[in-house]
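S.K.: Residue strings, one per chain:
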Amino acid sequence: SQQGEEDPQALSIQEGENATMNCSYKTSINNLQWYRQNSGRGLVHLILIRSNEREKHSGRLRVTLDTSKKSSSLLITASRAADTASYFCATCFITGGGADGLTFGKGTHLIIQP
Amino acid sequence: EPEVTQTPSHQVTQMGQEVILRCVPISNHLYFYWYRQILGQKVEFLVSFYNNEISEKSEIFDDQFSVERPDGSNFTLKIRSTKLEDSAMYFCASSRLAGTDTQYFGPGTRLTVL
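So the protein lines, in turn, are chains E and L. The first sequence stops at residue 158 when you use our numbering, and every number in between is there. The second sequence stops at residue 119 when you use our numbering, and every number in between is there.
Excised from the complex, chain L in its bound form (with noise of 0.2 Å):
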């Protein structure tokens, strides 16, 4: 059964670096997002991708995130500048369809800024 992948699992990094987390959605969705968890919270919506465009951001998604698809298979999520508080568990999901359609999560990045 086709399921998304990210890499790496767990990811390390000195406060102010910066970080590209990677995914690999499902081959024949359209729709690509990423979701932040802090430890012990909710789940939370950063932003959704389409046609090579951002469709939708939500108010955390702010200039020091960034998500391209370089190429066909690949989709990443790019925090420039790390703070204490990006640390997190980061996914990344897919879908067919419209974003009202099922979104099928991938196993996660635990993020560490130190």
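Chain E with its partners taken away, still in its complex shape (with noise of 0.2 Å):
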């Protein structure tokens, strides 16, 4: 299997903090992908990064890969009440077929203290 499994399984903190999430896999990947979900709703894009990227930045998201690790991070930064959500990494690797299914890891859920 080469599944994300993300760290913490939740995390809690204060409003304007940083939210750091860690996410680890198994095998060798193409990509990297973080989404967020609500509660009960549908998966919202964040970020890819390429298995030949180190480092990515999307407004507030900060995402680093370590490949000789098998890793990455995700980095809130000033962290707000609608930040609220679960978030998961998402692995894909080729399989040669083309249209790859991704791999989710369990999350990790979110809380930000107002």
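Do not take every clue at face value.
Listed next, the in silico DSS-like pairs over lysine-lysine satisfying Cα-Cα at most 27 Å (straight line) [said to hold, decoys possible]:
#: 1; chain 1: L; residue 1: K62; chain 2: E; residue 2: K70
#: 2; chain 1: L; residue 1: K47; chain 2: E; residue 2: K70
#: 3; chain 1: L; residue 1: K47; chain 2: E; residue 2: K150
#: 4; chain 1: E; residue 1: K113; chain 2: L; residue 2: K47
#: 5; chain 1: E; residue 1: K150; chain 2: L; residue 2: K62
#: 6; chain 1: L; residue 1: K62; chain 2: E; residue 2: K114
#: 7; chain 1: L; residue 1: K47; chain 2: E; residue 2: K100
#: 8; chain 1: L; residue 1: K88; chain 2: E; residue 2: K150
#: 9; chain 1: L; residue 1: K47; chain 2: E; residue 2: K114
Pair ranges (Cβ atoms, derived) [as the list claims (entries may be wrong)]:
#: 10; chain 1: E; residue 1: T71; chain 2: L; residue 2: I25; range: 29 to 37 Å
#: 11; chain 1: E; residue 1: L105; chain 2: L; residue 2: S32; range: 23 to 31 Å
#: 12; chain 1: L; residue 1: V17; chain 2: E; residue 2: S112; range: 44 to 52 Å
#: 13; chain 1: E; residue 1: R98; chain 2: L; residue 2: Q22; range: 44 to 52 Å
#: 14; chain 1: L; residue 1: T18; chain 2: E; residue 2: R85; range: 16 to 24 Å
#: 15; chain 1: E; residue 1: K113; chain 2: L; residue 2: D68; range: 35 to 43 Å
Derived from the structure by calculation, the hints contain no laboratory data. A quick note: this is a predicted structure, and the numbers were derived from the prediction, not measured. Where a beta carbon is used, it is the ideal one built from N, C-alpha and C, also for glycine.
Hints given; two lone chains; assemble the complex.
M.R.: The following block contains the structure:
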């Protein structure tokens, strides 16, 4: 299995603080994607980082990828109450068929205290 | 901004009945996917579809499941004879390029099998 596994499982911080979530996976990947899910809702794509990239930014989000350690981190800076959600990493590897499914981790449930 | 849509948002059915879940992918996307999420568990890949045929499928996607693109816009998932354990949120996703591209998810259909 080359599933992603996030830690921590749950994280509670004060509004304005930074939140860091980590993801580990087991086998070589083509890319790694981070998604957000509000309770009972759909998955919102946040950022994709390819295996040849080490860091990517998007607004208040920063993602790093260390392929030697098979790990990634998602940093949310200056957190807001609206950032309260579950965050998932999803890995993709090429099977040759082209339309490859993502393998999701269990997610980190982030709670931002106002 | 274009988005993936799914209907219905909630489907309740009796065990043994057939259900069809519908999705309209983003219009210029070529790759389509179905995932499911049992309550409290990970998002799991079911199947991917490209060029009018299945590209990849997981062990979950057995003979009870089928997918179809009946016209130029819809993408459907059929479960022939539903079981209690099929109760889950089903997500459709699409990507413009191969699976290594960003996958955009719909809001999901919550399937409840009684």
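S.K.: With the threshold set at 27 Å, check whether the alpha-carbon distance from K62(L) to K114(E) stays at or below it.
M.R.: holds, 25 Å
S.K.: Would you check the hint for K47(L) and K70(E), treating anything up to 27 Å between C-alpha atoms as holding?
M.R.: holds, 17 Å
S.K.: Can the restraint linking K47(L) and K114(E) be considered satisfied, given a maximum Cα separation of 27 Å?
M.R.: holds, 20 Å
S.K.: Does the hinted range 44 to 52 Å hold for R98(E) and Q22(L) at CB?
M.R.: Since R98(E) and Q22(L) have Cβ atoms about 50 Å apart, the given range 44 to 52 Å holds.
S.K.: Does K150(E) lie within 27 Å of K88(L) when you go C-alpha to C-alpha?
M.R.: holds, 24 Å
S.K.: For the pair T71(E) and I25(L), does the Cβ-Cβ distance stay inside 29 to 37 Å?
M.R.: holds, 35 Å
S.K.: Within 44 to 52 Å: is that where the Cβ-Cβ distance between V17(L) and S112(E) falls?
M.R.: This hint holds: roughly 48 Å between Cβ atoms.
S.K.: Does the structure keep K47(L) and K150(E) at a Cα separation of 27 Å or less?
M.R.: holds, 5 Å
S.K.: Is K47(L) close enough to K100(E), meaning Cα to Cα at most 27 Å?
M.R.: holds, 25 Å
S.K.: Take the C-beta atom of K113(E) and the C-beta atom of D68(L), compute their distance, and say whether it sits inside 35 to 43 Å.
M.R.: holds, 40 Å
S.K.: Assess, step by step, whether the Cα of K150(E) is no farther than 27 Å from the Cα of K62(L), and give holds or violated.
M.R.: holds, 21 Å
S.K.: Are K62(L) and K70(E) close enough, with their CA atoms no more than 27 Å apart?
M.R.: holds, 20 Å
In the structure shown, no violation is registered for any of the earlier numbered hints.
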